[in-house]
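Colleague: Chains as they are written, first to last, in the working numbering: chain A, 1 to 155; chain B, 1 to 155; chain C, 1 to 155.
Please note that a few of the clues may not be correct.
[Unchecked claim] Derived CB-CB ranges, DEER-like: (1) Pro-103/A - Asp-86/C: 44 to 52 angstroms; (2) Thr-58/A - Arg-11/B: 42 to 50 angstroms; (3) Ile-107/A - Thr-58/C: 24 to 32 angstroms; (4) Asp-86/B - His-12/A: 18 to 26 angstroms.
[As the list claims (entries may be wrong)] The list that follows gives simulated cross-link-like pairs (lysine-lysine, DSS-like), each with its CA atoms no further than 30 angstroms apart: (5) Lys-46/C - Lys-129/B; (6) Lys-111/C - Lys-129/C; (7) Lys-129/A - Lys-129/B; (8) Lys-129/C - Lys-129/A; (9) Lys-129/A - Lys-46/B; (10) Lys-46/A - Lys-129/C; (11) Lys-111/C - Lys-129/B.
If you're looking for bench data, these hints aren't it; they were derived computationally from the structure.
Where a beta carbon is used, it is the ideal one built from N, C-alpha and C, also for glycine.
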Amino acid sequence: MSNLMARLADRHLTLPEPAAPVASYVPAVSVHSGAFVFISGQIPIKDGELLATGQVPTDVSVELAQACARQCVLNALAALQQEIGDLGRLRRVVRLGCFVAAPSDFIDHPKVANGASDLLLDLLDDDGKHARAAVGVPSLPLGVPVEIEFTFLVD
Amino acid sequence: MSNLMARLADRHLTLPEPAAPVASYVPAVSVHSGAFVFISGQIPIKDGELLATGQVPTDVSVELAQACARQCVLNALAALQQEIGDLGRLRRVVRLGCFVAAPSDFIDHPKVANGASDLLLDLLDDDGKHARAAVGVPSLPLGVPVEIEFTFLVD
Amino acid sequence: MSNLMARLADRHLTLPEPAAPVASYVPAVSVHSGAFVFISGQIPIKDGELLATGQVPTDVSVELAQACARQCVLNALAALQQEIGDLGRLRRVVRLGCFVAAPSDFIDHPKVANGASDLLLDLLDDDGKHARAAVGVPSLPLGVPVEIEFTFLVD
Chain A
1 MSNLMARLAD RHLTLPEPAA PVASYVPAVS VHSGAFVFIS GQIPIKDGEL
51 LATGQVPTDV SVELAQACAR QCVLNALAAL QQEIGDLGRL RRVVRLGCFV
101 AAPSDFIDHP KVANGASDLL LDLLDDDGKH ARAAVGVPSL PLGVPVEIEF
151 TFLVD
Chain B
1 MSNLMARLAD RHLTLPEPAA PVASYVPAVS VHSGAFVFIS GQIPIKDGEL
51 LATGQVPTDV SVELAQACAR QCVLNALAAL QQEIGDLGRL RRVVRLGCFV
101 AAPSDFIDHP KVANGASDLL LDLLDDDGKH ARAAVGVPSL PLGVPVEIEF
151 TFLVD
Chain C
1 MSNLMARLAD RHLTLPEPAA PVASYVPAVS VHSGAFVFIS GQIPIKDGEL
51 LATGQVPTDV SVELAQACAR QCVLNALAAL QQEIGDLGRL RRVVRLGCFV
101 AAPSDFIDHP KVANGASDLL LDLLDDDGKH ARAAVGVPSL PLGVPVEIEF
151 TFLVD
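Using the sequences provided together with the hints, build the complete structure.
Modeller: This is the structure we're talking about:
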């Protein structure tokens, strides 16, 4: 038994069954080798136009916010392609940091972030499975409802 | 003198004495080799029940929020164990991203996050010393008061 | 054509031209080798005094918040120097996570974060170019208007 397990037992602490994630991502991603690419926080801008502005769900519906999250993915992949040249070098989506502009009583951040996570899974199968944090924020740059930063692993 | 130090001097900028962290974590963590495990944002759920919902300190006391932070640690260790099999492979806790649901006049995010940091130090001694960011947010998934994401280093 | 590109085409999704970042940072940073140093969230404290408290722009002007962001950089470099001994070992600024205390109608988080980004570029030229996420939050530890966490690459 590892020292950590012994200490947990000594303190009468038990590790739970790993909770199933409440959305379409995975609890943990291991990275043993390869190169990281860190992508700056992406906002839902397309052809120079913001897809939406304001908070979810008061100004922006959850469905529109999901579309915004999808656009963040496309913008991130474009930034990645520019950085590494060939998207065939993408090995794994490692982490998403999802920020949703929302009031204090909003609880559906995972639904919004799933717009991004589901698209990554659809495009990349197991290579698209990532760790994720999704949180509310009062405001984001330019007033957008969603901002997502990405960490990728590449060959 | 490095070029950076020369430029700092040229711009009449001086590096301060490193500030002692305001809580039970360390200013910096170096990672020279090993494998990273990124753990998704953990929420204070135990046996399928949320430990609390709402903002700190209005709906949830700082003490209860600290207990929530501790549960996030246990859930993260469970996710890590599922990922790597043997927690004896854990070499270092690298980083915590702590999000505390709180109003605009709350200032005690470090106290809440210490619920997680203190437990990690208690369980892992020096291997548990981590870098940390703790910030307020208006809302979190399912209405929980605390969400924490983790980066671990493993053998 | 990679499988990813094929799937994008199959789903009638096109990658945009990579958007120019809205501020003084870069869309992507690649890390192929070297050691990471993770710096805890830095707050604008100097000589034991907070430079400001409150939200931007209501309590703290954008200009003062930029000065706060600059102080976070100096504090981070001090923590890095303490960790690695010689700042000449710094190879690349990898990532900044910038949190700005602000109300729901604030949109100029990038301007605030530029206080940090511009200083890093001024001090380090290309080595200072980093990925960045900048978001609003209702509150930060001790009531400060800006908190920034850093990831550095060192030799």
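Colleague: Now, for every hint given, state plainly whether the structure supports it.
Modeller: Cross-check of the supplied hints:
1. Pro-103/A - Asp-86/C: 44 to 52 angstroms: 48 angstroms, holds
2. Thr-58/A - Arg-11/B: 42 to 50 angstroms: 45 angstroms, holds
3. Ile-107/A - Thr-58/C: 24 to 32 angstroms: Check passed, 27 angstroms falls within 24 to 32 angstroms.
4. Asp-86/B - His-12/A: 18 to 26 angstroms: For His-12/A against Asp-86/B, whose Cβ atoms are near 22 angstroms apart, the range 18 to 26 angstroms holds.
5. Lys-46/C - Lys-129/B: 24 angstroms, holds
6. Lys-111/C - Lys-129/C: Status holds; Cα separation ~16 angstroms.
7. Lys-129/A - Lys-129/B: 28 angstroms, holds
8. Lys-129/C - Lys-129/A: At roughly 28 angstroms apart (the allowed maximum being 30 angstroms), Lys-129/A and Lys-129/C satisfy the hint.
9. Lys-129/A - Lys-46/B: 24 angstroms, holds
10. Lys-46/A - Lys-129/C: Roughly 24 angstroms between the alpha carbons, so the hint for Lys-46/A and Lys-129/C holds.
11. Lys-111/C - Lys-129/B: Given pair Lys-111/C, Lys-129/B is violated - Cα atoms ~33 angstroms apart, limit 30 angstroms.
The structure fails to meet hint 11 from the earlier list, while all remaining hints are met.
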